[in-house]
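K.L.:
Given the coordinates of chain A, assemble chain B onto it according to the supplied hints.
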Amino acid sequence: DSGVTQTPKHLITATGQRVTLRCSPRSGDLSVYWYQQSLDQGLQFLIQYYNGEERAKGNILERFSAQQFPDLHSELNLSSLELGDSALYFCASSFGLAGGETQYFGPGTRLLVL
Amino acid sequence: GNSVTQMEGPVTLSEEAFLTINCTYTATGYPSLFWYVQYPGEGLQLLLKATKADDKGSNKGFEATYRKETTSFHLEKGSVQVSDSAVYFCALSDRGGNKLVFGAGTILRVKS
Numbered sequence: 001d002s003g004v005t006q007t008p009k010h011l012i013t014a015t016g017q018r019v020t021l022r023c024s025p026r027s028g029d030l031s032v033y034w035y036q037q038s039l040d041q042g043l044q045f046l047i048q049y050y051n052g053e054e055r056a057k058g059n060i061l062e063r064f065s066a067q068q069f070p071d072l073h074s075e076l077n078l079s080s081l082e083l084g085d086s087a088l089y090f091c092a093s094s095f096g097l098a099g100g101e102t103q104y105f106g107p108g109t110r111l112l113v114l
Numbered sequence: 115g116n117s118v119t120q121m122e123g124p125v126t127l128s129e130e131a132f133l134t135i136n137c138t139y140t141a142t143g144y145p146s147l148f149w150y151v152q153y154p155g156e157g158l159q160l161l162l163k164a165t166k167a168d169d170k171g172s173n174k175g176f177e178a179t180y181r182k183e184t185t186s187f188h189l190e191k192g193s194v195q196v197s198d199s200a201v202y203f204c205a206l207s208d209r210g211g212n213k214l215v216f217g218a219g220t221i222l223r224v225k226s
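Line order of the protein sequences matches chains A and B. Counted the way my numbering counts, the first sequence spans residues 1 to 114. Counted the way my numbering counts, the second sequence spans residues 115 to 226.
Just chain A, same shape as in the assembly (with noise of 0.2 Å):
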């Protein structure tokens, strides 16, 4: 158990439809990231957020968006969502920001498009 906590653990939905995902970090953790994985493009990061802030952006759609809140847990809003949306989207928490510090992998949401 890596102490990041990912919910929904399984999504499905409609094309069009807007959805949330969750994600809390390990225990004293500042910084989160969001990756998707999917069997054409592969893990790719999408966002990174560091005590509330947004810091770094990846491949990430205009209809993707994301935050992190005081409590340091992260949302992860996908809109108008299309079939290749369908993926395992991951969270991951590290304490800092520092190139080569450790990131700790969530279970995963896997969102469905249908």
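Any given hint could be a false lead.
[To be verified] Stretch-level coverage of chain B by chain A, calculated; a stretch enters the list once three of its residues show a Cβ under 8 Å from a Cβ in chain A:
no. : stretch
1   : 122 to 130
2   : 149 to 158
[To be verified] The calculated lysine to any residue pairs, modelled on SDA-like cross-linking and capped at a C-alpha distance of 20 Å, are:
no. : chain 1 : residue 1 : chain 2 : residue 2
3   : B       : Lys166    : A       : Ala98
4   : A       : Lys57     : B       : Gly210
5   : A       : Lys57     : B       : Arg209
6   : A       : Lys57     : B       : Tyr153
7   : B       : Lys166    : A       : Gly99
8   : B       : Lys174    : A       : Thr102
9   : B       : Lys166    : B       : Val201
10  : A       : Lys57     : B       : Ala141
11  : B       : Lys170    : A       : Gly99
12  : A       : Lys9      : B       : Tyr153
13  : A       : Lys57     : B       : Thr142
14  : B       : Lys166    : A       : Gly100
15  : A       : Lys9      : B       : Pro154
16  : A       : Lys57     : B       : Pro154
17  : B       : Lys174    : A       : Ser2
18  : A       : Lys9      : B       : Gln159
19  : B       : Lys182    : A       : Gly100
For the record, the hints were derived by calculation from the structure and aren't laboratory data. Glycine residues also receive a C-beta, built at the ideal position from the N, C-alpha and C atoms.
P.N.:
What follows is chain B alone, placed relative to chain A:
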């Protein structure tokens, strides 16, 4: 930009065989290098890491050495077990931040 290339799988081995999974990277500067493992139905777990050239990461019998001259971080294990069957990901993070760039992953299947 930064990238990681892994050998394609699946790799199928018999129990107690020697394992090598090749990983090479392209990056500016001196990245940190990682191997993560994903067991079926689970999230990623850090297997080992190395943060500077010539460092050797090791864990659970797995080893990898950060080779700057060949930009490689090959994963090795002397004697695999059935329980090692999983997907292995090589990854890097650069000094400017900590986002991970992953390779495509290599499926390892170990037969008894």
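K.L.:
Would the hint linking A/Lys57 and B/Thr142 be met if the CA-CA limit is 20 Å?
P.N.:
18 Å, holds
K.L.:
For the pair we were handed, B/Lys182 and A/Gly100, check the Cα-Cα distance against 20 Å.
P.N.:
Holds: B/Lys182 and A/Gly100 sit about 16 Å apart, inside 20 Å.
K.L.:
For A/Lys57 and B/Ala141, compute the direct alpha-carbon distance and say whether it is at most 20 Å.
P.N.:
18 Å, holds
K.L.:
With a cut-off of 20 Å on the C-alpha distance, tell me whether A/Lys57 and B/Arg209 pass.
P.N.:
Holds. A/Lys57 to B/Arg209 sits at ~16 Å (cutoff 20 Å).
K.L.:
Compare the distance between the alpha carbons of B/Lys166 and A/Gly100 with 20 Å, and conclude whether the hinted pair is satisfied.
P.N.:
The hint holds at about 9 Å.
K.L.:
Is the hinted pair B/Lys166 and A/Gly99 satisfied, with a Cα-Cα distance of at most 20 Å?
P.N.:
Since the Cα atoms of B/Lys166 and A/Gly99 sit roughly 11 Å apart, the hinted pair holds (cutoff 20 Å).
K.L.:
Taking a Cβ-Cβ distance under 8 Å as contact, does the stretch 149 to 158 of chain B have three or more residues in contact with chain A?
P.N.:
holds (count 4)
K.L.:
Between the alpha carbons of B/Lys166 and A/Ala98, is the straight-line distance 20 Å or under?
P.N.:
14 Å, holds
K.L.:
Would the hint linking A/Lys57 and B/Gly210 be met if the CA-CA limit is 20 Å?
P.N.:
13 Å, holds
K.L.:
Is the straight-line distance between the alpha-carbon of A/Lys57 and that of B/Pro154 20 Å or less?
P.N.:
28 Å, violated
K.L.:
Holds or violated: A/Lys57 with B/Tyr153, Cα cutoff 20 Å?
P.N.:
28 Å, violated
K.L.:
Does the alpha-carbon distance linking B/Lys170 and A/Gly99 stay inside the 20 Å limit?
P.N.:
Roughly 17 Å between the alpha carbons, so the hint for B/Lys170 and A/Gly99 holds.
Checked against the numbered hints above, the structure violates hints 1, 6, 9, 16; every other hint is satisfied.
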